[in-house]
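**Q** Sequence:
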Amino acid sequence: MRPLIGRMVVGVVWAGLFLLTACTRSTDEGVGGRHPWTQPGVLRMATSLSPNTLNPFLSTQQVEALIQAFALDPLVAVDENGHDVPILAAAVPTLENGGISRDGLTITYRLRKNVRWQDGAPFTSRDVAFSYHAIMNPATTVATRHGYDEIARVETPDKYTAVFRLKRPFAPAVHTFFAHSDAPYYVLPAHLLARYPDLNRIPFNSKPVGTGPFKVERWVRGDRIEYVANDDYFLGKPKLRRIVVHLVPDENTIASQMRAHEIDWFSAATPRMYPQLRAIEGVGVRLVPMNANDAIQFNTKRAPYDDSNVRRAIGLAIDKPLLVREATYETTVPATEDLPWFMWAFDPKAGTTARDLPRANAMLDAAGWKRGSDGIRVKDGKRFSMSLAYRSDSITDRNRGVLIASMLKDAGIETELKGYTTALLYGPPGTGVMADGKFEAALQTWYAGSDPDNSTQLTCDQVAPKGFNWSRYCNPAMDAAQHAALSHYDRPTRKRAYATIEELLARDAPYVYLWWPRQIEAVNSDLKHFRPNGIIENWNAWEWSI
Numbered sequence: 106m107r108p109l110i111g112r113m114v115v116g117v118v119w120a121g122l123f124l125l126t127a128c129t130r131s132t133d134e135g136v137g138g139r140h141p142w143t144q145p146g147v148l149r150m151a152t153s154l155s156p157n158t159l160n161p162f163l164s165t166q167q168v169e170a171l172i173q174a175f176a177l178d179p180l181v182a183v184d185e186n187g188h189d190v191p192i193l194a195a196a197v198p199t200l201e202n203g204g205i206s207r208d209g210l211t212i213t214y215r216l217r218k219n220v221r222w223q224d225g226a227p228f229t230s231r232d233v234a235f236s237y238h239a240i241m242n243p244a245t246t247v248a249t250r251h252g253y254d255e256i257a258r259v260e261t262p263d264k265y266t267a268v269f270r271l272k273r274p275f276a277p278a279v280h281t282f283f284a285h286s287d288a289p290y291y292v293l294p295a296h297l298l299a300r301y302p303d304l305n306r307i308p309f310n311s312k313p314v315g316t317g318p319f320k321v322e323r324w325v326r327g328d329r330i331e332y333v334a335n336d337d338y339f340l341g342k343p344k345l346r347r348i349v350v351h352l353v354p355d356e357n358t359i360a361s362q363m364r365a366h367e368i369d370w371f372s373a374a375t376p377r378m379y380p381q382l383r384a385i386e387g388v389g390v391r392l393v394p395m396n397a398n399d400a401i402q403f404n405t406k407r408a409p410y411d412d413s414n415v416r417r418a419i420g421l422a423i424d425k426p427l428l429v430r431e432a433t434y435e436t437t438v439p440a441t442e443d444l445p446w447f448m449w450a451f452d453p454k455a456g457t458t459a460r461d462l463p464r465a466n467a468m469l470d471a472a473g474w475k476r477g478s479d480g481i482r483v484k485d486g487k488r489f490s491m492s493l494a495y496r497s498d499s500i501t502d503r504n505r506g507v508l509i510a511s512m513l514k515d516a517g518i519e520t521e522l523k524g525y526t527t528a529l530l531y532g533p534p535g536t537g538v539m540a541d542g543k544f545e546a547a548l549q550t551w552y553a554g555s556d557p558d559n560s561t562q563l564t565c566d567q568v569a570p571k572g573f574n575w576s577r578y579c580n581p582a583m584d585a586a587q588h589a590a591l592s593h594y595d596r597p598t599r600k601r602a603y604a605t606i607e608e609l610l611a612r613d614a615p616y617v618y619l620w621w622p623r624q625i626e627a628v629n630s631d632l633k634h635f636r637p638n639g640i641i642e643n644w645n646a647w648e649w650s651i
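The sequence shown lines up with residues 106 to 651 when you count with the working numbering.
Everything labelled a hint here was simulated from the structure, so no lab data went into it.
Treat each hint with caution, since some may be false.
Keeping only pairs whose Cα atoms sit at most 30 Å apart, straight-line, the calculated DSSO-like set for lysine-lysine is [stated by the list, open to error]:
1. Lys-264 - Lys-218
2. Lys-272 - Lys-543
3. Lys-218 - Lys-342
4. Lys-487 - Lys-523
Use the sequences and the hints to build the structure in full.
**A** Pasting the structure below:
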């Protein structure tokens with residue numbers, strides 16, 4: 106097969122994805138005229154998750170990437186059919202158009218010439234180069250430098266050309282560099298930010314100036330973020346006039362607001378809300394498959410979770426189909442691995458969803474954990490009591506934690522549920538429980554990008570605080586397989602590498618993958634042209650109307 110990179114995401118991936126989306130009651134176009142409760146031109150959105158920052162380089166939460174995308178733009182996005190879409194780039198770099206060199210070491214972006222920042226300053230290649238240097242600035246606490254650390258330098262031969270010179274071939278380049286990756290970074294303005302020694306604590310982080318279709322008007326922390334239309338947006342004047350993002354920690358409150366038609370879009374609702382949201386008049390509910398997974402993540406530097414046999418035994422003691430039925434109303438799909446079934450790198454032989462309690466018991470016995478008089482296992486005088494961290498602001502996490510605790514008790518493991526807010530559990534190094542390694546095991550939801558690249562969680566050089574390898578898992582064999590997957594552009598070679606990666610994941614078990622989520626999006630049926638792509642729901646927000 107000829108080398109591919111510019112169109113790495115192909116229709117077969119999203120074909121299966123949107124067949125599933127269509128199975129839910131979906132209303133892309135308003136019918137029968139506008140509802141009386143709809144406010145023309147005003148989108149009222151609600152989320153139960155609260156952002157820590159509006160600066161993408163500092164983000165650690167999926168909700169932050171979503172909210173930031175109203176005001177900020179990538180070089181390249183992905184549409185609802187999985188096709189690459191040039192945004193700040195005038196064209197998507199490919200081998201065919203010369204944007205990717207034959208040796209894979211040079212990526213050239215031709216930039217649009219009609220783009221201005223929301224303060225009127227022109228967008229140029231200087232902004233792209235600055236954004237790269239800001240990410241690589243060791244003084245800035247970025248979430249990850251994955252991919253960007255493969256860049257040797259960024260050249261700007263003219264105002265509308267940015268040339269990325271790579272240290273080595275990097276297959277996911279176009280889907281990583283200021284794109285819809287697992288850590289979506291958008292281009293930031295050099296003329297406003299270059300004067301700062303770092304970006305950690307600057308006014309921009311609360312009120313960014315972007316090139317996007319909407320301007321941040323105000324952020325009332327803990328309450329709402331308000332946007333107004335950027336009428337000079339280079340892809341066209343937005344049809345919406347205002348967007349108000351309501352930050353409501355209680356999902357029951359959001360559901361009540363949806364029933365009262367005070368909210369038009371409930372983003373990323375948890376599964377327990379699904380039955381009642383489907384019953385609301387004038388609301389369409391979509392199940393959008395994501396390149397994402399929900400898992401138990403182990404801190405592999407803490408005993409007994411430094412023993413892969415113990416970790417595997419815990420996985421075998423869990424009934425994943427039962428979890429999906431009881432905790433998610435079957436809105437999710439039982440997982441065998443991290444990569445979901447619709448990704449081209451998915452390996453159907455990698456793992457299993459079946460519970461095998463006899464085997465789990467045998468493995469724990471062999472590891473020296475013997476049952477005590479009360480049925481809980483003991484080794485060297487210490488009870489097997491696992492602290493399982495979860496998001497206290499997620500009822501789904503709490504419910505699945507209770508179910509998992511019951512299942513693990515059958516294997517002689519006692520489980521203590523320990524709740525943290527999402528912002529604290531997933532926070533950056535210095536404040537985040539997982540980033541700082543202050544956990545034994547944790548329930549985690551991970552959203553990836555348009556490429557199967559999963560190295561940010563699995564390679565030695567991404568161990569926190571350098572990246573998202575919060576499990577502290579480090580295996581030279583995994584690093585070698587990841588290198589093969591990332592350094593070759595031809596898909597057969599990459600697919601073989603990912604088969605090895607998934608085999609190692611199943612053997613070493615730094616995670617127990619529970620299910621693949623389908624994001625629940627409840628929207629006012631008057632909202633038109635809402636076409637989530639499975640990574641960033643609002644990639645085409647300038648086209649939306651209500």
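**Q** Given the proposed pairing of Lys-264 with Lys-218, does the C-alpha separation stay at or below 30 Å?
**A** Holds. Lys-264 to Lys-218 sits at ~9 Å (cutoff 30 Å).
**Q** Does Lys-523 sit within 30 Å of Lys-487, going by the straight-line distance between their CA atoms?
**A** holds, 20 Å
**Q** Are the Cα positions of Lys-272 and Lys-543 separated by 30 Å at most?
**A** Since the Cα atoms of Lys-272 and Lys-543 sit roughly 35 Å apart, the hinted pair is violated (cutoff 30 Å).
**Q** Does the alpha-carbon distance linking Lys-218 and Lys-342 stay inside the 30 Å limit?
**A** holds, 17 Å
The structure shown violates just one earlier hint, number 2.
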